[in-house]
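**Student:** Each chain, written out:
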Amino acid sequence: MNEINLVDLAKSGLNTGRSDIATAETDAHTETARIMQICNACRYCEGFCAVFPAMERRREFTPADTAFLSNLCHHCGACYHACQYAPPHDFGVNVPQTLAERRNETYQQLAWPTPLASLFERNGLVVVMVISACLAAAVGLMLAMISPDLFWGVHLGEGAFYQVMPHTVMAGIPMAITAFALLSFIMGWRRYWQATGAKWRGMPALRDAISATANLRYLGGNNAGNGEGCPTEDDRSSHLRRIYHQLTFYGFMLCFASTSTGTLYHYLLGREAPYGYFELPVILGTVGGVILCIGTAGLWQQKKKMEPAVKSMKHLGMDYAFIWVLFWVSATGLILLAVRETSYMGLALAIHLGLVYGFFLVLPFSKFVHGIYRFAALLADAGEKQPQNLR
Amino acid sequence: MQNHINTYWDVLVIGAGNAGLCAAITAAEAGCSVLVIEAANRDMRGGNTRHTRNLRAMHEEPTDILSDAYSFEEYFDDLLRVTKGITNKDLASLTLQKSTELTDWLQERGVRFQPALSGTLNLGRTNAFFLGGGRALLNSLCRHAEGLGVSLIYETAVASLLMQDGFCDGVRLETGDQIRAQKIITTAGGFEANLEWLAEGWGAPAKNFLVRGTPYNTGTILRALLDNGAQPVGELDQCHAVAIDARAPKYDGGIASRIDGVPFGVVLNKNAERFYDEGEDFWPKRYAIWGRLVAGQPDQIAYAILDSVGVKRFMPSVFTPIKDDSLAGLAEQLNLPPEAMQNTISAFNAACPEGEIDQSILDAKATKGLFPNKTNWSAPIAEPPFYGFPLRPGITFTYMGVEVNDRAQIIMKDGKPTANLYAAGEIMAGNVLGQGYLAGIGMTIGAVFGRIAGESAARALNKTVLGD
Chain E
1 MNEINLVDLA KSGLNTGRSD IATAETDAHT ETARIMQICN ACRYCEGFCA VFPAMERRRE
61 FTPADTAFLS NLCHHCGACY HACQYAPPHD FGVNVPQTLA ERRNETYQQL AWPTPLASLF
121 ERNGLVVVMV ISACLAAAVG LMLAMISPDL FWGVHLGEGA FYQVMPHTVM AGIPMAITAF
181 ALLSFIMGWR RYWQATGAKW RGMPALRDAI SATANLRYLG GNNAGNGEGC PTEDDRSSHL
241 RRIYHQLTFY GFMLCFASTS TGTLYHYLLG REAPYGYFEL PVILGTVGGV ILCIGTAGLW
301 QQKKKMEPAV KSMKHLGMDY AFIWVLFWVS ATGLILLAVR ETSYMGLALA IHLGLVYGFF
361 LVLPFSKFVH GIYRFAALLA DAGEKQPQNL R
Chain D
1 MQNHINTYWD VLVIGAGNAG LCAAITAAEA GCSVLVIEAA NRDMRGGNTR HTRNLRAMHE
61 EPTDILSDAY SFEEYFDDLL RVTKGITNKD LASLTLQKST ELTDWLQERG VRFQPALSGT
121 LNLGRTNAFF LGGGRALLNS LCRHAEGLGV SLIYETAVAS LLMQDGFCDG VRLETGDQIR
181 AQKIITTAGG FEANLEWLAE GWGAPAKNFL VRGTPYNTGT ILRALLDNGA QPVGELDQCH
241 AVAIDARAPK YDGGIASRID GVPFGVVLNK NAERFYDEGE DFWPKRYAIW GRLVAGQPDQ
301 IAYAILDSVG VKRFMPSVFT PIKDDSLAGL AEQLNLPPEA MQNTISAFNA ACPEGEIDQS
361 ILDAKATKGL FPNKTNWSAP IAEPPFYGFP LRPGITFTYM GVEVNDRAQI IMKDGKPTAN
421 LYAAGEIMAG NVLGQGYLAG IGMTIGAVFG RIAGESAARA LNKTVLGD
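So the sequences go chain by chain: E and D. Note that this note's numbering gives residue 148 to position 148 of the first sequence, counting from 1, and the numbers run on in steps of one. Note that this note's numbering gives residue 51 to position 51 of the second sequence, counting from 1, and the numbers run on in steps of one.
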């Protein structure tokens with residue numbers, strides 16, 4: 001089957017959720033536009049975040065506008081608790097939930113390669129299945145390929161890991177997977193940027209978007225980022241969600257740095273893993289892994305506590321699956337560190353690598369993409385709101 | 001519930017809006033046991049406070065929330081101007097003086113304000129905006145009150161006051177249960193959601209009013225107070241009423257139902273006649289008279305007509321305007337006499353001056369020879385498509401209430417204060433606001449008199465009020 005047939009097949013029904021992000025008047029878009037029209041006549045929430053000022057710069061809401069606004073929303077829920085038009089009012093305004101539905105729909109509309117977009121439907125199940133398959137494959141293959149003596153043996157010193165799995169395999173698989181993920185992100189970003197009509201407005205806008213991302217400004221409780229945080233189980237606000245997300249984000253970055261320094265050690269210094277407990281890759285990975293575990297567990301707890309009315313119930317599976325995969329990726333990394341000088345090293349390594357490969361494989365079709373599109377939306381927003389660009 | 005009925009409370013507050021919560025918090029901080037009863041459920045609690053956004057506060061120098069300065073003299077002049085002097089000057093002075101403390105006092109109790117922004121009405125100098133609006137303020141104050149041990153119960157509507165010789169022993173609920181307390185603070189709002197009562201002042205047109213405010217302000221408590229000999233203040237037909245979209249819900253439409261397009265087009269009655277100067281002044285200074293103007297037209301309906309240029313000059317509205325490529329078609333859609341409408345618009349267009357209008361100033365682009373003339377921003381309605389907004393009077397709140405003194409005690413017809421009844425908020429706003437309106441002053445009156453009522457009740461119970 002050639003590529004054209006695949007695309008046709010996708011369009012013809014296998015992939016019914018896919019539609020053009022900039023023009024399709026989907027239910028989620030229509031409801032978003034209805035609500036934004038009410039909000040735009042009220043504007044009481046303009047102090048909370050970036051979404052409402054961005055809304056005020058528009059009079060009409062096309063699918064491209066709702067795609068932009070929904071990806072700009074950090075889903076803190078403050079506007080729901082403050083809303084005089086929230087249910088049971090006749091207007092039935094629920095901004096965070098409505099934007100979440102639209103946002104999740106855009107993930108599917110933007111996904112590349114297109115035929116795989118439907119992986120965003122029942123995404124929790126998809127993620128769990130992919131990860132489980134990778135886990136089983138990693139453990140199964142290693143058991144099948146090497147002798148039990150080697151698998152259950154105690155391996156010490158440099159190159160210990162590579163006695164149970166050759167370095168070319170261990171590093172080659174993720175390189176291929178990462179290349180695929182990167183390509184997918186670039187294509188998704190391009191689609192988003194073109195479809196929403198976003199414009200590059202220079203370095204000041206980029207700096208502002210980076211600052212808003214690095215500080216999680218819009219989880220801060222007001223649009224200066226210095227408020228009381230966002231609502232937790234009721235209308236009470238706290239900074240916990242912001243803190244846990246920071247731990248997750250920076251924990252992830254530290255783990256990434258750990259892998260990168262490990263790669264440099266391997267190729268530049270010619271030194272093979274495992275490295276000593278006080279060497280850079282291990283320190284970065286340990287610190288990163290611990291705070292990533294705390295961050296993801298915290299995010300899960302905050303998500304659970306969140307006012308049910310604002311959650312997008314259809315997509316909770318996606319949120320929870322991603323959080324838990326991240327948690328277990330880092331937890332198994334820490335376990336591997338703990339048992340690497342015992343006979344459980346082979347098993348722990350297989351489990352950890354299975355999870356890591358699965359995680360990166362499913363990355364372009366997981367909650368991870370929220371970071372790509374959120375940053376794109378923040379960058380577009382930062383440009384739009386520059387004084388010289390305001391009408 | 002049984003607990004609440006069996007307790008003999010120090011202070012009972014009727015209504016969980018801004019005034020009631022300020023009263024409850026103040027009394028509780030002084031050590032009183034306080035019960036707040038609210039007719040609505042938790043989601044709809046707080047009366048018209050849900051629909052508010054800011055309060056007007058005097059300040060001598062810029063703060064983090066308010067820009068520049070707003071002196072007592074300027075504030076007082078503004079109040080005298082809008083009320084045409086119909087105000088109790090002592091109580092008005094007291095309100096303005098005490099308004100300086102409000103933003104700090106509220107912030108210390110969890111309320112968050114937004115930094116001075118452009119805002120929809122450009123009131124950053126005179127008005128402090130609640131972050132997220134009135135419902136967010138209610139959330140903060142309710143949580144703070146509960147933290148102080150105040151009991152707050154919902155869906156608890158009062159049927160009558162247990163009054164004897166000017167002394168109130170408590171309330172009888174609609175369920176028949178009674179709640180008793182030493183001091184009763186009434187903060188239950190006006191009667192804007194009671195169309196029958198409105199008809200006493202407005203006659204038959206009242207049936208065509210939309211109630212922009214809360215449906216829970218039916219005036220039960222106000223009626224009970226007046227029936228038991230409280231001295232009324234203010235006129236029956238005085239209220240805050242704006243022209244709102246006729247398609248808004250009968251009750252509770254709030255801020256979003258407003259139409260800001262009047263200055264940039266013409267407004268016609270059902271006979272397709274103009275009836276008032278649409279460009280008399282900037283809209284924020286004029287919008288509050290248009291409810292009354294529309295109420296004076298046949299069937300209490302009017303239509304704002306704009307062309308494709310005018311329709312882009314104001315904030316978008318919650319209801320999409322009715323649109324047609326021709327005036328005749330628009331007239332048909334709006335059910336206006338087409339020929340009369342064409343004549344009115346043609347006459348208006350012919351009377352418009354040359355040149356572009358400038359909506360940022362009073363541009364004196366006035367029509368000539370019309371009755372009434374339009375004094376500013378007169379531009380022909382000529383560029384299709386044409387747009388129409390149907391307008392109805394939308395009543396936000398009523399001014400008639402009970403007279404109070406500077407301790408928020410309710411005054412009886414014999415001129416003496418009651419022994420244990422207090423009032424704050426809309427139910428007594430008419431003492432300060434005899435007519436007209438000054439944006440944000442309703443919340444100021446509510447918070448100032450709420451605090452005074454809480455303090456007075458606590459002192460009368462020999463409690464020490466914070467700051468004494």
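Honestly, the hints are just simulated from the structure, not real lab data. Ideal Cβ placement from N, Cα and C applies to all residues, glycine included. Be aware that a few hints might be false.
Pairwise CB distance ranges (calculated) [unchecked claim]:
hint	chain 1	residue 1	chain 2	residue 2	range
1	E	Gly202	D	Glu74	41 to 47 Å
2	E	Pro113	D	Ser308	54 to 60 Å
3	E	Gly197	D	Met315	55 to 61 Å
4	E	Ala257	D	Met1	45 to 51 Å
5	D	Pro62	E	Thr213	30 to 36 Å
6	E	Ser211	D	Ala351	51 to 57 Å
**Student:** Between alanine 257(E) and methionine 1(D), is the Cβ distance one that fits in 45 to 51 Å?
**Tutor:** Hint violated: Cβ distance 60 Å, outside 45 to 51 Å.
**Student:** Does the beta carbon distance between proline 62(D) and threonine 213(E) stay inside 30 to 36 Å, or does it fall outside?
**Tutor:** With a Cβ separation near 32 Å, proline 62(D) and threonine 213(E) satisfy 30 to 36 Å, so the hint holds.
**Student:** Does the hinted range 54 to 60 Å hold for proline 113(E) and serine 308(D) at CB?
**Tutor:** violated, 44 Å
**Student:** Note whether the CB distance of serine 211(E) and alanine 351(D) lies within 51 to 57 Å or breaks it.
**Tutor:** Given range 51 to 57 Å: holds, Cβ gap about 54 Å.
**Student:** Okay, glycine 202(E) versus glutamate 74(D) on CB: inside 41 to 47 Å?
**Tutor:** holds, 43 Å
**Student:** Within 55 to 61 Å or not, the Cβ separation of glycine 197(E) and methionine 315(D)?
**Tutor:** violated, 23 Å
Hint violations for this structure: numbers 2, 3, 4, all remaining hints satisfied.
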